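K.L.:
As a plain string of letters, each chain reads:
Protein chains: 4
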Amino acid sequence: MASLKSIITFQSASPSQEERVTAEQKTSETILGHYRAVRRQTDLLAAPLSAEDQMVQSGPHTSPVKWHLGHATWFFETFVLTPHLNGYRPFHPLFRTIFNSYFNSAGAPPDEAMRSTLSRPSLDQVRMYCRYVDDSLQNLLQSANLSQEALRLAELGIHHEQQHQELLVADIKHSFWINPLRPAYQGSSLPPINQLTAPPQKPHAYLEGLYEVGSPENEFHFDHEGPRHKVHLKSWRFAVRLVTCGEYMAFIEDRGYERPEFWMSDGWKVVQQHGWKAPLYWEKSGQEWKVFTCFGARKLNEHEPVCHVSYYEADAFARWAGARLPTEFEWEVAAAQVKSEGNLLEDGIFHPMTARAGEGDVPVQVYGDAWEWTASSSAGYPGYRPAPGVAGEYMAKFMSGQMVLRGGSCATPRSHIRTAYRRFLQPEARWQFSGIRLADDGV
Amino acid sequence: MASLKSIITFQSASPSQEERVTAEQKTSETILGHYRAVRRQTDLLAAPLSAEDQMVQSGPHTSPVKWHLGHATWFFETFVLTPHLNGYRPFHPLFRTIFNSYFNSAGAPPDEAMRSTLSRPSLDQVRMYCRYVDDSLQNLLQSANLSQEALRLAELGIHHEQQHQELLVADIKHSFWINPLRPAYQGSSLPPINQLTAPPQKPHAYLEGLYEVGSPENEFHFDHEGPRHKVHLKSWRFAVRLVTCGEYMAFIEDRGYERPEFWMSDGWKVVQQHGWKAPLYWEKSGQEWKVFTCFGARKLNEHEPVCHVSYYEADAFARWAGARLPTEFEWEVAAAQVKSEGNLLEDGIFHPMTARAGEGDVPVQVYGDAWEWTASSSAGYPGYRPAPGVAGEYMAKFMSGQMVLRGGSCATPRSHIRTAYRRFLQPEARWQFSGIRLADDGV
Amino acid sequence: MASLKSIITFQSASPSQEERVTAEQKTSETILGHYRAVRRQTDLLAAPLSAEDQMVQSGPHTSPVKWHLGHATWFFETFVLTPHLNGYRPFHPLFRTIFNSYFNSAGAPPDEAMRSTLSRPSLDQVRMYCRYVDDSLQNLLQSANLSQEALRLAELGIHHEQQHQELLVADIKHSFWINPLRPAYQGSSLPPINQLTAPPQKPHAYLEGLYEVGSPENEFHFDHEGPRHKVHLKSWRFAVRLVTCGEYMAFIEDRGYERPEFWMSDGWKVVQQHGWKAPLYWEKSGQEWKVFTCFGARKLNEHEPVCHVSYYEADAFARWAGARLPTEFEWEVAAAQVKSEGNLLEDGIFHPMTARAGEGDVPVQVYGDAWEWTASSSAGYPGYRPAPGVAGEYMAKFMSGQMVLRGGSCATPRSHIRTAYRRFLQPEARWQFSGIRLADDGV
Amino acid sequence: MASLKSIITFQSASPSQEERVTAEQKTSETILGHYRAVRRQTDLLAAPLSAEDQMVQSGPHTSPVKWHLGHATWFFETFVLTPHLNGYRPFHPLFRTIFNSYFNSAGAPPDEAMRSTLSRPSLDQVRMYCRYVDDSLQNLLQSANLSQEALRLAELGIHHEQQHQELLVADIKHSFWINPLRPAYQGSSLPPINQLTAPPQKPHAYLEGLYEVGSPENEFHFDHEGPRHKVHLKSWRFAVRLVTCGEYMAFIEDRGYERPEFWMSDGWKVVQQHGWKAPLYWEKSGQEWKVFTCFGARKLNEHEPVCHVSYYEADAFARWAGARLPTEFEWEVAAAQVKSEGNLLEDGIFHPMTARAGEGDVPVQVYGDAWEWTASSSAGYPGYRPAPGVAGEYMAKFMSGQMVLRGGSCATPRSHIRTAYRRFLQPEARWQFSGIRLADDGV
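Residue numbers (this note's numbering), protein chains in the order written: chain H, 157 to 599; chain B, 157 to 599; chain C, 157 to 599; chain Y, 157 to 599.
Please keep in mind that the hints were generated in silico from the structure rather than gathered at the bench. The structure displayed is predicted, hence computed values, not measured ones. Be aware that a few hints might be false.
Given that identical chains are not distinguished, each listed pair holds provided it fits within a single copy or across any two copies.
Said to hold, decoys possible - In silico EDC-like links for lysine to aspartate or glutamate, alpha-carbon gap of 20 Å or less: (1) K390 - E368; (2) K433 - E502; (3) K182 - D199; (4) K386 - E368; (5) K425 - E268; (6) K386 - E364; (7) K390 - E373; (8) K425 - D267; (9) K358 - E458.
Build out the structure end to end from the sequences listed, making use of the hints.
P.N.:
Shown next as structure tokens:
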């Protein structure tokens with residue numbers, strides 16, 4: 157068998173599978189500091205929620221908050237402590253199964269839909285689990301014989317936890333939305349709406365050329381963000397800001413949801429099936445649109461970016477507007493030229509905000525506010541190879557049938573977003589903070 | 157409304173929507189000749205089938221042969237004759253609905269699953285419909301005031317019919333497969349297996365560089381095959397022939413279908429769900445594999461290309477073999493360097509054949525034999541714009557969630573395949589003649 | 157094992173499993189005559205249908221006509237000829253599988269939904285199969301050593317075929333209904349509507365008492381129609397005729413389909429799910445209701461019995477009308493007092509007809525016109541025991557989750573209906589000719 | 157309209173709709189005492205469960221414990237306090253929706269599957285709701301102008317709450333079963349298994365005759381338990397005790413789950429679909445069967461009654477054993493002759509126990525231990541009429557497609573079970589404490 161396999165593979169000619177160079181050799185102190193900050197942030201996010209709130213799973217793509225907490229901790233236990241901390245004893249033998257998500261190589265993960273049934277372990281037990289792993293991980297990071305591999309995996313675990321912070325916000329918002337009591341996640345009174353008027357929409361032009369995209373090797377990134385490589389782009393134009401709620405209302409009023417000519421075939425089916433007539437979290441009360449936020453429901457602000465739309469809606473809106481969505485590389489080239497600033501998780505607003513005009517028509521709202529759907533579907537870059545080891549399942553598995561989003565949202569941690577960051581979601585997903593950036597071909 | 161819309165669109169800056177130049181101004185005689193040849197071919201394909209055979213619809217992605225006949229004719233009636241032949245009277249008012257596939261703008265198409273219930277119109281009536289439209293179309297093509305637009309649409313209709321010829325072969329094969337009597341589509345005795353031994357598998361190398369891909373404007377192509385544009389490719393290697401059944405058996409025997417590490421996450425779910433253990437049409441009888449063909453079942457030939465695999469299987473096999481699938485552009489650049497020859501529909505074999513070695517290790521089996529799954533998912537090219545008019549629904553609609561296949565198969569008409577031809581299929585599809593070409597990164 | 161089983165069973169005390177007495181010892185000549193008449197009737201029913209028509213399967217509870225033909229013949233081959241005709245050779249080894257319905261003990265039956273894919277065997281082959289079995293069966297029935305058991309099974313086969321005659325009519329009507337061309341099954345012009353006015357609706361009273369119900373042992377009946385046994389009934393009243401379309405329209409106009417208070421919980425869900433607003437085959441065209449019949453669509457006649465309603469609709473209508481459905485025993489006692497006449501299959505009308513008043517307020521339309529939903533669900537009678545042998549699967553299997561209908565319809569053969577006849581259908585079924593008889597408690 | 161309706165109804169002839177006589181005029185003190193005892197029992201049942209435990213909903217037919225608490229209270233608020241306590245102010249306007257189950261006439265009930273998402277109201281709020289309603293109800297019951305109707309509805313509410321006590325036990329057991337940690341509901345150590353040997357199985361004979369069944373008018377009962385009426389029964393035999401686990405193991409070992417001849421058609425499908433190989437809560441560990449109980453998992457005791465089987469399994473077992481299930485009236489006549497004692501909720505065992513032989517072969521385990529599936533399906537008795545008012549939805553709605561169980565189980569409250577009590581469940585239900593009593597025809 158092996159002989160036949162060697163005949164039909166090209167491995168003999170492949171580059172030898174060397175250990176990949178770790179990004180800019182971060183010190184263990186840096187990682188430790190980052191670790192502590194991120195764990196503190198997780199605690200902050202969970203703080204307003206009761207043990208009961210942390211049990212809710214409102215749909216197939218969401219998870220209970222308690223499970224997010226346990227799973228983020230599980231990652232450190234399974235991939236960092238168990239293989240790299242001498243004498244480490246797992247907190248509980250069954251937690252390895254219970255808090256597994258989809259890592260087939262770490263044992264058969266339980267049915268996702270069953271996460272809502274885990275009243276045990278209790279929230280208190282999960283917190284004990286978190287502290288237990290915290291102590292061990294801090295010991296490991298401070299120990300003398302800490303390996304580079306352990307450090308690399310610890311950093312991966314930190315970024316993994318940040319992904320789950322973002323999921324946690326989107327999931328709890330959805331949980332409260334489907335509760336007839338419509339509770340608020342944060343605070344009991346709504347923060348004041350900013351009174352800004354969105355700047356005029358305009359295209360910003362970019363030249364045809366050969367560009368470099370993808371993450372540099374020496375910065376932290378998930379495997380699928382690299383390798384850095386060249387792409388040839390025709391000239392294109394990129395909207396200076398996100399599409400607003402007011403603009404999206406014009407689409408609705410122009411019967412956008414009823415006219416098949418704007419929609420992808422699959423998208424049209426989804427619209428019919430779910431009876432979509434507006435973005436998620438919009439609700440008409442009399443003549444007035446209201447929107448549900450992490451602080452409860454309030455009147456829709458026309459100047460704010462539209463949010464919680466699916467890829468299909470973003471694409472249909474763009475077609476209606478005579479434009480299109482940018483490709484992920486058009487997005488990345490444009491984003492590389494602006495500062496990595498924006499309305500992010502740490503701002504505690506959890507809602508996209510009205511844009512302020514940039515200087516000299518430079519695009520704004522590129523980072524934060526709302527993820528931006530692109531016209532690109534998930535795929536590995538040229539030369540892509542999954543990270544070695546069991547964590548190699550991390551991203552490679554999802555590279556089919558999903559669309560790429562870029563730029564992060566108001567629920568993305570500041571130290572988690574970067575120019576080359578790619579997020580994949582199914583085209584019908586709406587529960588994430590996802591919005592619309594227009595583009596078109598250059599002249 | 158309109159005013160707001162104009163503010164948020166970029167149309168003012170877009171190039172004016174001129175009439176696209178028709179490919180190399182084919183004469184109406186050329187088109188007429190092509191039309192007649194294609195219609196003759198359709199008749200040949202349907203000839204071995206009874207009226208009952210032509211009723212069968214074996215699953216959600218297939219159609220009855222009778223419906224294929226009616227639908228191909230419907231295209232000419234709806235898009236060519238009705239708007240362009242003065243005084244044309246449709247054959248039957250309801251046929252416009254019955255034989256619509258998915259053209260929402262041509263009226264609400266009926267549920268696809270209901271196509272198998274159309275005992276009426278009878279096959280005889282459908283044949284009368286075909287002849288009626290034939291006569292009118294030939295009149296139109298020979299008339300003095302034939303417009304360029306009508307000519308363009310007639311040519312589109314011819315290629316559309318060729319697509320359905322290919323579907324017809326795949327659909328009827330599947331219909332007979334699920335019938336316990338396992339009838340043969342063609343002939344009653346199997347043609348002799350060719351006694352060739354497949355040449356050794358080898359990689360052929362290509363250099364990094366900026367390449368042009370996509371269809372030239374002046375040749376016929378579906379809208380999504382253009383525009384021609386530049387892509388930057390890293391160096392890569394391309395297998396000289398398709399993967400054989402024998403090589404695929406090695407994957408099966410190495411428990412390829414039981415090891416999640418080879419599979420995409422979605423693919424692994426599909427394998428579990430359907431209990432896949434081999435390609436479609438393979439059947440183990442005792443210790444021996446048999447394969448079902450258009451001529452009935454026969455012993456599996458290890459040297460033939462493996463066929464009827466899904467994208468997930470092609471991808472998993474490649475990972476197991478230490479290789480990967482080519483991107484569609486790697487494929488196209490390699491294909492542009494070989495002659496457009498192969499085992500195609502007109503050869504009447506309807507089954508992939510053992511490769512003969514190419515001269516000087518030039519890749520073979522690039523055209524025909526089996527469609528080749530690529531690592532690329534369906535998307536519009538830079539500058540892509542749907543063809544104007546109602547036929548613009550033609551391809552644009554399907555650009556999500558599907559993977560690109562290249563090169564045609566033993567069921568593809570010779571005048572239908574071309575270097576830039578892109579076919580889209582859902583990653584789990586197996587009923588088409590789809591096989592595997594390996595690739596990897598260059599050195 | 158056996159010992160434990162004998163301890164926990166009561167078999168030792170059960171009556172010995174003797175051969176059941178065959179009903180009134182019909183001669184083989186009688187059976188042969190019946191057989192020929194029924195086969196002739198089947199041919200008559202299939203005659204107006206093309207081979208394509210006989211392929212259609214319009215839904216999960218229906219079968220193609222060709223399959224009905226093959227299956228009725230299969231029953232004779234499998235249960236009569238194979239075990240009882242010396243030297244009988246089955247027509248085709250695979251037909252035993254293909255034409256099996258649900259007899260698990262006769263081999264794994266194929267998926268019902270796949271019946272529509274059987275273009276082979278062709279209709280001609282199925283007809284040859286029918287003739288082949290016909291010849292053999294007539295030989296058997298005329299042979300000297302014909303056993304009582306074979307005679308019993310032949311008679312069972314005849315009644316089984318009559319059941320499929322009735323299904324055939326309902327199935328082909330439904331097939332043509334979902335075809336946009338709406339073909340007519342019988343004739344091309346509609347028969348004239350009878351101009352009668354339905355007699356006034358009235359209750360007919362019955363006294364409390366102990367009644368005998370169920371089939372007498374010495375008449376042919378399916379196993380679940382016996383044994384004959386006593387039931388105690390309170391006094392009750394029974395409507396003299398079926399509910400008319402006009403009365404049902406009043407229910408619709410009184411918003412019957414929108415008021416949950418009339419509906420069983422499960423029925424209300426079904427109404428919502430399917431969006432029912434009227435009986436099957438009713439269609440509103442402008443202000444006028446039309447009804448689809450075996451002769452095509454025509455204006456609704458208010459005096460005709462309402463037909464093609466589900467149990468849920470019958471039950472809701474009765475509640476709205478301040479009445480209820482009769483139990484199956486109330487029905488049977490009432491039916492035993494009237495003549496077994498009515499509008500049945502052989503009349504060739506295939507549609508319920510306006511009632512004529514009975515003499516002295518005796519209930520009419522008890523047999524034929526439309527099956528009458530009862531308030532009883534399917535269950536075995538006291539002392540019920542499945543018929544011995546493989547045909548014992550015949551009825552016993554279906555005794556859960558179905559409701560009992562009584563009296564036959566315009567699609568029931570005359571020699572097939574009898575006072576004790578019980579038909580079981582799922583409460584949501586509407587494609588059979590099923591109507592409504594009201595009842596209530598006596599005074 | 158009204159005129160037509162009056163023509164087709166029989167109401168004019170119906171008995172006038174008088175107020176039904178309330179059962180034996182219980183005093184308000186009696187009801188108050190009962191109320192307090194039942195509420196105390198509910199508290200006891202919920203006491204071992206955390207707020208998180210009370211959130212879990214493990215499947216479509218189960219509800220979270222917190223929801224059971226709220227719903228039982230909601231019944232009192234909606235049907236007793238709101239209409240009958242002057243000046244009563246509902247606790248919270250939305251609770252009327254949230255805690256509605258299926259009472260369509262009390263507003264649109266929310267999707268059952270969403271009950272698990274109600275983290276708010278919190279358990280503390282639900283407890284406040286319970287106390288609030290408790291206070292009001294006790295005031296009402298002690299008030300001078302308490303109407304008979306209010307008293308009747310309060311009693312109905314008490315029995316309704318008892319139904320939910322039973323559901324609560326079954327639901328929480330199932331919740332813990334699907335949790336990989338397999339927590340115990342009650343206590344941490346298992347109670348000792350009683351060391352009894354089940355008495356020999358034997359039939360007890362009953363004579364043919366006319367019997368009275370159904371609840372007497374002057375005792376409390378749900379509407380569908382009456383009216384009392386006569387039934388004629390043939391002679392029959394009734395097993396003296398429930399089927400044991402050991403006997404059921406014999407069925408399994410005799411390949412009972414693999415032999416279609418024992419099964420109803422629908423049941424066989426369900427067995428295939430779910431891959432059933434044993435009762436719910438049975439688990440094979442090595443060669444040994446274990447069973448999951450409310451006190452955790454333990455070794456299977458062959459002498460205990462088998463429990464948590466579906467109707468299909470009970471029916472198949474009976475057929476395998478050469479017996480059948482009793483009808484509900486055979487059961488009721490037999491039960492009327494024994495004392496209403498048994499292993500019930502208040503015993504706190506929550507598990508069926510090995511039988512002790514009765515005196516003189518009188519059947520034992522008739523009440524308590526395990527519900528007994530009967531061969532009868534749910535239907536209204538002769539003369540049945542839903543209770544007047546909105547609570548009339550109480551039972552009438554469910555009278556289709558369900559089977560009748562009799563006798564209560566180890567989770568049924570003592571004051572809730574009675575000879576005429578009928579419980580309806582879908583034939584595939586297994587999560588209730590449901591077992592098997594054999595019967596057969598008399599000699």
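K.L.:
Now look at each hint and say whether the structure bears it out.
P.N.:
A quick look at each hint next to the structure:
{"no.": "1", "hint": "K390 - E368", "verdict": "both (14 Å within a copy, 12 Å between copies)"}
{"no.": "2", "hint": "K433 - E502", "verdict": "neither (32 Å within a copy, 49 Å between copies)"}
{"no.": "3", "hint": "K182 - D199", "verdict": "neither (25 Å within a copy, 57 Å between copies)"}
{"no.": "4", "hint": "K386 - E368", "verdict": "both (4 Å within a copy, 15 Å between copies)"}
{"no.": "5", "hint": "K425 - E268", "verdict": "between (26 Å within a copy, 13 Å between copies)"}
{"no.": "6", "hint": "K386 - E364", "verdict": "both (13 Å within a copy, 10 Å between copies)"}
{"no.": "7", "hint": "K390 - E373", "verdict": "between (26 Å within a copy, 17 Å between copies)"}
{"no.": "8", "hint": "K425 - D267", "verdict": "between (27 Å within a copy, 12 Å between copies)"}
{"no.": "9", "hint": "K358 - E458", "verdict": "within (17 Å within a copy, 60 Å between copies)"}
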